[in-house]
Each structure stands twice: as C-alpha cells, then as structure tokens.
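Colleague: First to last, the sequence lines map onto chains A and B. The numbering of the first sequence is our numbering, which starts it at 1 and goes up by one. The numbering of the second sequence is our numbering, which starts it at 1 and goes up by one.
Think of the hints as simulated: they come from the structure by calculation, not from any bench. Note that the structure is predicted; figures quoted are calculated from it, not measured. Don't be surprised by glycine CBs; every beta carbon is placed ideally from N, CA and C. Take the hints with a grain of salt, since some may be wrong.
What the hints assert, rightly or not - Which chain A residues stay away from chain B? Per the calculated CB distances, all over 10 Å, these: (1) 35; (2) 74; (3) 173; (4) 179.
As the list claims (entries may be wrong) - Here are the simulated SDA-like cross-link-like pairs (lysine to any residue), alpha carbons at most 20 Å apart as the crow flies: (5) B:114 - A:138; (6) B:114 - A:34; (7) B:114 - A:132; (8) B:114 - A:33; (9) B:85 - A:128; (10) B:139 - B:100; (11) B:114 - A:38; (12) B:114 - A:39; (13) A:25 - B:77; (14) B:114 - A:134; (15) B:85 - A:132; (16) B:114 - A:20; (17) A:25 - B:79; (18) B:139 - B:125; (19) B:85 - B:112; (20) A:25 - A:192; (21) B:85 - A:135; (22) B:139 - B:97; (23) A:232 - A:8; (24) B:85 - A:134; (25) A:25 - B:74; (26) B:114 - A:36; (27) A:25 - B:76; (28) A:232 - A:20; (29) B:114 - A:25; (30) A:232 - A:249; (31) B:114 - A:35; (32) B:85 - B:34; (33) B:190 - B:213; (34) A:25 - B:75.
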Amino acid sequence: MLERVGNSAVELLGSIGEASLFALKAAREVFVPPFEVRETIRQVYELGLRSAPLIAVSGVAVGVVLSMHTRASLERFGAESMIPAGLAIALVRETGPLTAGLLLSGRIGAGIGAELGAMRVTEQIDALEASAVDSFRYLVVTRVIACVVALPILTTIMNFTGMLGGFIAETAANGMPLGLYFRRAFSLVDMTDYVPATLKTMVFGFIIATTSSYLGFNTVSGTEGVGRASTKAVVFSSILIILANVLLVRLIFFAFPETAGG
Amino acid sequence: MAQQAAAVRLEHVTKSFGSRRVLDDVSFEVPSGSGFVILGRSGTGKSVTLRHIISLIQPDRGRVFVGGDEISTLIGAELSRVRRKIGFLFQNAALFDSITVGENVAFPMRRHTKMNDQEIRKRALDRLEAVGLEHEYDKMPADLSGGMRKRAGLARAMALDPEILLVDEPSAGLDPITADEIDELLLDRKQRAGVTLIVVTHNIPSARRLGDELAMLHDGRIIARGPAAELDGSDDPLVRAFMTSQHAG
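Excised from the complex, chain B in its bound form (with noise of 0.2 Å):
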C-alpha cells in the first residue's frame, strides 16, 4: 500500500559547524495542514533545522524529504520547483532593501509566473492587504517598523500560495499585540487554505495557538516531541520549565 508523503519529513540528521554538532540525528514528520513548532533555548539548532528543510543548508548526514522529494540532493530547476512549494518567513524578514515593500512582494511573481505587472500589482495589494500593509506598497522597507517588516516578509513568503510555510520567531522583537496579529495570520492560513506551518519560537503561549505537534531541541537532540497537553506533562524538567514559561518572545 504506498503511503501518503508527509509535507515534511526529516531522518537522522545530523549537522556540524566545525568541530560543534548543532543537531545529533534528528529526525520528525509533518503531517501536511498541521502545525509544528520547534522549541528550544537559544543555541540549539532550531534555525539550523529550519534551513535544512529549504535545503539553505544541507546534512552532514541524514535525509530530508519536501513532499516525496528529497530536497537536501536537489540543484538547479528540481530544487527551484521544489523550494516554489515552499514560504520562508526570516527572522529579521530579510527583505529586499534596494527595492519597495510591494516590490518584494511581487518578486517571486516576477520570477515564477507568467502574469503580467498589472496582475502582479494586483496579487502583491491583496497579499499586503492580508497583513494590513495595503498603503505601504511604495515605501522602502527602512522606512517600516519591525513589526510592519516582519508583516511583509510575512506577505512575501505567501506570495506564491505556498503549501508549506517555514517561520522563524515569528514573535520575536515584537509587541505582543503585532505578536497575536501575526499568529493570527498564521493560523489563519493553516486553517483556510490547508498551509503546513512549521515555526521555531521561544514563545509558548505561541507555540500552543499554533502547533498542532510540539518538538523541543536541546543540544541538537529532540529531547520530547508530542502535542502541548503531553509535554505539559513531561518528566523532564527542562521540558516542563520550558512549557510553564510565559515568555512572550
């Protein structure tokens, strides 16, 4: 019986920088349309993880799968189709500085439709829209606070409909008003449009809202995975410190 390809799976990873292992085999499944959230002190490997999964880093050892594609051995076009599946929402948003927020937004179009500017222009509002930055489209993205960057880097990782969306620390530097909106559009996408979440944060009643499975790194290992009801129940005690922080990013 073939068995339905998990939106993201990863098997034994394993990554050093130098002579520092980040992630000791590693290795977990994403049901596609959930949520999953990596948690863990600073240091651990969770952006590591994440990058892994848009193959911005490739394993030591191990594999790791996008749909039935084994993406950390892809180049060129196959890695390109397989990463279009795919939203990035950095840390810092990383946007495009040289350019315009509604520019940025429409960058992956540009690339990867054939749909002419005016289209474009069009799809770029309405994914701004979504995030509340409709006005902002001529602006530079210095002239944004961080939390409207953040929105747009968040606009821009939705720009092609992607059916996975990979994001780092949503919440973090954020005032938890902006923090709740952008989970909001998060969840949003998970629940309407059957998006794949996967978030790293160190904010837990985030973490809850959000992720459907939780995973928690310490030392490169996941040392407990499992819905937030069983991690709130863990013996471990760093597990448990971590699950009854209130830290809000």
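In isolation and in its complexed conformation, chain A is listed as follows (with noise of 0.2 Å):
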C-alpha cells in the first residue's frame, strides 16, 4: 500500500518535472528563430478569432448579472448612481480576466488537448518529425505564440462586452442613457486597471497552451487516451490559472499599490 502510494508521488513529481521542462522548452523556442510565421497566424485565427463569440456573448451575461448583483446592494444605500463604475472596476480588475481565462481553458485547452492527442495516436506528429518538420516548434510554439497574443485581445473583448450587460441590465432597470453609462463607467477606471489585469491573461495564455500541449503530446492508449488529455487540459489548465491568478495579484498590488486601494 505504501509502496503504491510512493510510486504514485514518484510518477506525479516525474510528471511535473516532465511538464516544467516542456513549458520552459516552449518559453525558450518562442524567440528563437525561424519562426513559423503562417501556422502562428492560422492559430491565432483558430484559437483566439473563433473563440470571440463564445467571449463576447459570455462578457454579455455576465454583465448583466453583475449589474443586477451590484444594483441589489447599491439600492440601499442609494448609490445606484455608482453601479456603472463598479462594475467596470470589477469587471477590468478581476472579472474579466479571470472569466475569460477560465472559459478559454475550456474551449481552447480542450482543443490542444484533443488535436494533438488525435495527431499523437494517428501518427501524424510523427509524419511531421519524417517531414523533416520540427513538430514542438510548428504545433506547441505556434499555439503558445497564439495563446499569449489572444488571451488579452479576448480578454478586453469580455470587459466591453460585460460592460455593455451591465448597460443593458441598466437601462432595462431605469432606462440609463447610452452615453450617460459609459461616462459613469469609466469615471474611476484608470490604465493602471486596465493594463496590469489585462496583460496578466497573457500568462494564463501560456498556461492553457503549455498545458494542454504537453497532455497532447503526451497521449497514450488510442481514442480513450484523446478523451483524458482533452479533459485533464481543461482541468489542469483551470487549476493552475486560478492559482496563478493569486500570484499575479499579489504581484499587480505590490507593483501598483495604488490598484490595492490602499
């Protein structure tokens, strides 16, 4: 029993070491040249353009259910008059971030992971590596590239769209003009919200990336095996963002004290 126990420590610490020395190999191979120009710009098109509607729609219902949340607790204070601006300085702080994230760790850490799992077990990264293609550079250093890249674009796409919830929830609730909203919206978010929270997505990018690369790349065992690297990448991907999420805040408020509200 404890034998089993040892052994299974030995193989998840193996497994983590195998994972960290994957995702620094694809950290070091993003500037070095030549660089896959065409695949990068093709998985920016598959994983970050063809991910907007499920952000936007998803920005949307959040706002809106923001607003609602916020107005409930606003009222009675009489401050519905602050709800705009809070729930822009939670969306761009926090919200969006890290709900964009989460989503794209499901949408596209579930596609990595089932891809390359497919082009594992079918034998297709190996027809690559006997195209004389390097197979990490063209199917993990394009998609890391893609990911860094449009994990912010995405992200920014959350906050406006939240935004635009959270009017519609306003204006349902009493008629807030357009104008009047966006003012009151952005009347205390500054660039030192927006920037440090939104460019953070760019390591949850490299995170969903090198995460369900990794399990990609690594499948085993036909079909069955595509299944579990596409499910683990949503689940380790999530995992790590979220505790990457604590970090980079920690970071953010000591970089940025005045974002702390202190």
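Two chains, two frames, some hints: make the complex.
Modeller: Quick look at the structure:
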C-alpha cells in the first residue's frame, strides 16, 4: 500500500518535472528563429478569433448578472449611480480576466489537448517529424504564441461586452442612456486598472497552451487517451490559472500599490 | 581505399521499452538502390527498426547510419537535412487530417523548397497522378478509403524525390488488387529512380517482389537474412513456415 502511494507520488513528481521542462522549452523556443509565421497566424485565427463569439456572449451575460447583483446591494445605500463604475472596476480588474481565462481554458485547452492527442495516436506528429519538420516548434510554439497574443485581446472584448451587458440591465431598470452609462463606467477606471490585469492573461494563455500541448503531445492509449488528454487539459489549465491568478494579483498590488486601494 | 557508404546501416542496435527488449543487437546494411524487406511476426520490432532509421526513436545502444551520417546522433538542422533524403509511408498513412489531400502532398515542398504556389500545385498533382489520385486533390483525407489514403501517403512520401523510401506494411488492410498496385508503384520508384526501398511486411508474395534481400526478425533479433531463395531453403522451421505462407496482408 505504502509502496503504491510512494510510486504514485514519484510518478506525479516526474510528470510535473517533465511538464515544467516542456513549458520552459516552449518559452525559450518562442524567441528562436526560424518563426512559423503562417501557422502562428492560422492558430491566432483558430484559437483567438473563433473564441470571440463565446467570449462576447459570456461577457454580456456576466455583465447583466453582475449589474443586477450590484444594483441589489447599492440600492440599499441609495448609491445606484455608482453601479456603472463599480461594475467596470470589477470587470476590468478581476472578473473579465479570470472569467475569460477559465472560459478559454475550456474551449482552447480542450481543443489543443484533443487535437494534439489525436495527432499523436494517429502518427501525424511522427509524420511531421518524418517530413523534416520540428513538431514542437510547429505545433506547440505556434499555439503558445497564439494564446499569449489572443488572451489579452479576448479579455478586452470580455470587459467591453460585460459593460455592455451592464448597460442593458441598467437601461432596462431605470432607462439610463448609453452615453451617461459609459461616462460613469469609465469615471473611476484608469490604465493602472486595465493594463496589468489584462496583461496577466498573457500568463493564462501560456498556461493553457503549454499544459494542453504537453498533455496532447504525451497522449497514449488511442481514442480513450485522447479523451483523457482533453479533459485533463481543461482541469489542469483551470487549476493552474486560478493558482497563478493569486500570485499575479499579489504581484500587481506590489507593483501598482494604488490598485490595492490602500 | 574509401568504402562507398551504404544507403542505410544499423550497427548492433539495441532498444528496450521499459523492461521489454524490442531490438537486441540488430545489425544490417542496405546498399543504395536495392530493396530490403523486414519480415516477422507482430510485435517483433519491425516498425521500431524503421523508426530508428528516420530517428523517430533513438537506440539505447548501437548506431544508425543514413549514407555517411550517423542519424541517431543528429539534432536540429542536421537531422532535418538527412530526413529530407527519406520518405516514410506509415502503416495508416498518417495524413494530416486538417488539410486537403493535395496540401498533404504539397506540405513537404512548401517546407523545404523555394517553389512558388503554382509549381508546388503542379508537382503535387504529378505525385497524385502517379498514385492515381489526381482527382482527389481538394478532398479531405477523411473522405478517402483506406487504400486511397495509403496511396496519398505514398504520394506525400515521394514528394521530395527521396533517395530512401521506408514503407511500413504497404498492404495491411488493403484488397489484393490495391496492394499489388502499391507494390508496382514502389518497384517503379526503385527501378526508374534508383530509390532504396526498406519495407516492413507480413505479406510474403509482396516481400518476394520488392526485396532483393529479406531479413527475418524474431524476438528482436535477425534470425535469417538473404535473398528469398536462400530463406526458402532455411533450416529454421519458423523461417520456412513464414516463407511458405501465402498470407496477403
């Protein structure tokens, strides 16, 4: 029994070490030419642009719900006029980046895990290598760049559609005009709120791409393994994003003390 | 006196996966322009041997040479240079399923030549025509039958006019007519373009057609090697049983 636990622990540590080396290799190779420009652009389209509808629709829904909750709380203090600004700060600083990261770990993480897993079990990755193509650079590095580029853009879309959702809720509740809503929304938000919180999603993109690529690249056991790789990609990416978010928020508060509200 | 390099040479190659030894001190050499067929029961290390030759797997011990290059020690651009001399037809073709059949064949040309789009399309069509698939250029691999996929895989393997063709089970899962057609295509490349063929198969009639020399692997070791006629007269009951089998894929 004890031996089994010990073996599992050693295996887990080995996998963590392997995954870390995989991620380090990806980070290094991003800056090493030759660059797979064509494939990277294709991945930005596939992983980024094609995720925009999911992010936009989710953003509106999150905005509506947040606005309704905020209204319920602030009404008691007669502070309804603060709803747009409160919503904007919540979205830009935390809700937008984290929700976008988690949603995309589902869509992109599952996609990369399943695609690379299927390529592994059908020997397509070996076929790339046999065609004298560096499969790591072609499949992993391009996806890492695409995710790191796409996440901040998609987060920005989430922030704006979230505010739009907030406006829909507000105008339905009290007929607030669009201009007034956005003037109030941006009255308390500045670049120190937007830039660090949005740039931290580059780390989320790196986590999603490297975690799901690692799992896809190391898929075994046929189609069952592909399913497992896809599920694990979502689970591990989500957990790592949530953990990384704690560290990154702490780092942002350290670098930009004014955002801590102290 | 300088010795002319063989197209492929394995020296004392040993490979284990976990506790299981798959190749055990395997050595052979394949002269340029000849056909070399690796026979053996399932799981005896035939495909693993092919994968060593293109360095998809590295040996635990021993050395693998392609021409004068020890491919098992190469990495990066040097490995890529040597791999470009080799075409590999995988057992299940391993076509890239996100691009069309034509783009599969064009893929190595886009990566490794300076040809423009028109030239690449023309050459890809030529390769597809050679395997009777010129009308399938714009189809997706999923829309092809097993035999067509294999022929498309062969067209891709021949895209860069390789000096060496590695072929894993060319007739597996195919009807006898399609299997014969693939054999004919391989023979044509060998005879007309001087391509070195290294083929893994269970199919004895196919092995007799393609191989100037046959090698039989058993438990990771070569237990018999020579022209088909020599193996026909082997004292080893396993070799004799294999050679008299008419199994066709």
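Colleague: Against each hint, give a clear statement of whether it holds in the structure.
Modeller: Cross-check of the supplied hints:
{"no.": "1", "hint": "35", "verdict": "holds, 14 Å"}
{"no.": "2", "hint": "74", "verdict": "holds, 50 Å"}
{"no.": "3", "hint": "173", "verdict": "holds, 47 Å"}
{"no.": "4", "hint": "179", "verdict": "holds, 46 Å"}
{"no.": "5", "hint": "B:114 - A:138", "verdict": "holds, 19 Å"}
{"no.": "6", "hint": "B:114 - A:34", "verdict": "holds, 15 Å"}
{"no.": "7", "hint": "B:114 - A:132", "verdict": "holds, 15 Å"}
{"no.": "8", "hint": "B:114 - A:33", "verdict": "holds, 18 Å"}
{"no.": "9", "hint": "B:85 - A:128", "verdict": "holds, 14 Å"}
{"no.": "10", "hint": "B:139 - B:100", "verdict": "holds, 5 Å"}
{"no.": "11", "hint": "B:114 - A:38", "verdict": "holds, 15 Å"}
{"no.": "12", "hint": "B:114 - A:39", "verdict": "holds, 18 Å"}
{"no.": "13", "hint": "A:25 - B:77", "verdict": "holds, 17 Å"}
{"no.": "14", "hint": "B:114 - A:134", "verdict": "holds, 19 Å"}
{"no.": "15", "hint": "B:85 - A:132", "verdict": "holds, 9 Å"}
{"no.": "16", "hint": "B:114 - A:20", "verdict": "violated, 37 Å"}
{"no.": "17", "hint": "A:25 - B:79", "verdict": "holds, 19 Å"}
{"no.": "18", "hint": "B:139 - B:125", "verdict": "holds, 13 Å"}
{"no.": "19", "hint": "B:85 - B:112", "verdict": "holds, 11 Å"}
{"no.": "20", "hint": "A:25 - A:192", "verdict": "violated, 32 Å"}
{"no.": "21", "hint": "B:85 - A:135", "verdict": "holds, 18 Å"}
{"no.": "22", "hint": "B:139 - B:97", "verdict": "holds, 10 Å"}
{"no.": "23", "hint": "A:232 - A:8", "verdict": "holds, 17 Å"}
{"no.": "24", "hint": "B:85 - A:134", "verdict": "holds, 16 Å"}
{"no.": "25", "hint": "A:25 - B:74", "verdict": "holds, 19 Å"}
{"no.": "26", "hint": "B:114 - A:36", "verdict": "holds, 16 Å"}
{"no.": "27", "hint": "A:25 - B:76", "verdict": "holds, 14 Å"}
{"no.": "28", "hint": "A:232 - A:20", "verdict": "holds, 16 Å"}
{"no.": "29", "hint": "B:114 - A:25", "verdict": "violated, 29 Å"}
{"no.": "30", "hint": "A:232 - A:249", "verdict": "violated, 25 Å"}
{"no.": "31", "hint": "B:114 - A:35", "verdict": "holds, 17 Å"}
{"no.": "32", "hint": "B:85 - B:34", "verdict": "holds, 15 Å"}
{"no.": "33", "hint": "B:190 - B:213", "verdict": "holds, 14 Å"}
{"no.": "34", "hint": "A:25 - B:75", "verdict": "holds, 15 Å"}
In this structure, the earlier hints numbered 16, 20, 29, 30 are contradicted, and the remaining ones agree with it.
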